[in-house]
Amino acid sequence: MRAELEQTYRQHRQTLFSLALTITGCSGLAEDAVHEAFVRLCQRTDRPAGSFPAYVYSSVRNAAVDCRRRQQRQKSVLESVFAESGSGLVAEAANGLSDPAEQRAQLASAIETLDESARQIIVMKIFGDLTFDEIAEVLETPSATVATRYRRSILKLEEILRRNP
Amino acid sequence: MSDLETQIRTLKLRSPGNGLDIRVDAILKSEPAIFRSNEVIAASASESDTVRPLHASRRGFVLTSSWWIAAAAMMAGIFIGSNMPPSRSQLTDNASSRVVTPATQDNGSVEIQDGAHRENLSVGSSNLAGMTVPGPSNRPDSSVGSQIVESSWLSPTAATVVWEQQTGQIFTVVNHVNDGRFNMCRECHRVVR
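Line order of the protein sequences matches chains F and U. Offset between the first sequence (1-based) and the working numbering: plus 13. Offset between the second sequence (1-based) and the working numbering: plus 3.
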């Protein structure tokens, strides 16, 4: 159980942190959420049934929700999940840096406009390589609903990028 | 996977600080007992404080057994008591029914009627109203010719008269043995048939 937890952390640490950041909107809170989730996971002695990564993601998500509830969104400006978005990247693009960087910034900003649930699904699907079933397990939502939300989010992103070439 | 998904994958996620790695590593390499949170401790405490059902405990079993034993003993007592022959209460009734009537016979004896028994006592005719004498059931020995009569059945005045008639003497306290139990002379209790 411990070895499996360690392996999952090494493999998914960034995505787990991003998932927590998507929910809390604060990197400090996101770190606290991941830490709290692993404390809870280490207290368990039996291995949960089903996908182990999905179980870890679910724990991190619940911890993040708890953290957010405690903080009650004290910060009005939420931190971005992506390293390339935000003021730093915008300043970089304004200084005449490469177009691909600008495109990535636009894409990151477009993702930030999506609702929280859609962002969670994108993080878990694309960066965490979880299946729709596993994501459904994490979100406690039917798998078909998760798949539908994901496709709608991709279509919405394409539309946003088409409007702002 | 579409082009857009591929582009999204090229985005770099923000990395957590080194502090998170240190904290998580510390958790993963430590003993599980150290990281027992307050919630777990509270939960285990509430579990230990939970009162077990009374019937499941030894004390409850003992209490239940005691109730059954007490109930069984009470029922046995009622059964035995109901089957016992009436003794004391009936005796009292018989004794109270044996009242010497004031009508005395010509020879000086008193007729006592007690159900199937009829007795003649050779006593004087005066001062016998309300005097009671024992029935044959509680006489120690009928062949003795005299017996001790309980104080509640013979008043001192009536006993004095009986004694004077039987002996032809005049009653004086000095002539008699004083019995403190009955607050009257022992000889006064003797009644000759």
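Calculated from the structure, these hints are not laboratory results. Treat the numbers as computed from the prediction; the structure is a model and nothing was measured. A portion of the hints provided could be inaccurate.
[Said to hold, decoys possible] Taking beta-carbon pairs under 8 Å as the criterion, some of the chain F residues facing chain U (in silico):
| # | residue |
| --- | --- |
| 1 | R15 |
| 2 | E19 |
| 3 | Q20 |
| 4 | T21 |
| 5 | L34 |
| 6 | F51 |
| 7 | V52 |
| 8 | S64 |
| 9 | F65 |
| 10 | V94 |
| 11 | F95 |
| 12 | L120 |
| 13 | I139 |
| 14 | F145 |
| 15 | E171 |
For every residue, glycine included, the Cβ atom is placed at its ideal position computed from N, Cα and C.
Taking the closest Cβ pair, is I139/F under 8 Å from chain U?
Status holds, d = 5 Å.
Using 8 Å as the Cβ threshold, decide whether T21/F counts as touching chain U.
Since chain U brings no Cβ nearer than about 10 Å to T21/F, farther than 8 Å, the hint is violated.
Under the criterion of a CB-CB separation shorter than 8 Å, is F65/F in contact with chain U as hinted?
Interface hint status for F65/F: violated (14 Å vs cutoff 8 Å).
Holds or violated: the hint that F95/F contacts chain U, with Cβ atoms closer than 8 Å.
5 Å, holds
Hold the hint about E19/F up to the distance rule: shortest CB distance to chain U must be less than 8 Å.
5 Å, holds
Can E171/F be said to touch chain U, with a Cβ gap under 8 Å?
With Cβ-Cβ at 6 Å, under 8 Å, it holds.
Chain U contact restraint on V94/F - CB to CB distance below 8 Å
This interface hint holds because 6 Å falls under the 8 Å limit.
Checking hints one by one. Is L34/F an interface residue toward chain U, by the C-beta closer than 8 Å rule?
Holds, because the Cβ-Cβ distance from L34/F to chain U comes to roughly 7 Å (cut-off 8 Å).
Would the hint on F51/F be counted as holding, given a Cβ-Cβ threshold of 8 Å to chain U?
With a minimum Cβ separation of about 5 Å from chain U (threshold 8 Å), the hint on F51/F holds.
Taking the least C-beta to C-beta distance, is S64/F closer than 8 Å to chain U?
Status violated, d = 20 Å.
Go through the hint on L120/F and say holds or violated, using the shortest Cβ distance to chain U against 8 Å.
At 6 Å from the nearest chain U Cβ, L120/F passes the 8 Å test, so the hint holds.
Using the nearest Cβ pair, does R15/F come within less than 8 Å of chain U?
6 Å, holds
Going through the hint list in order, the structure does not satisfy hints 3, 4, 8, 9, 14.
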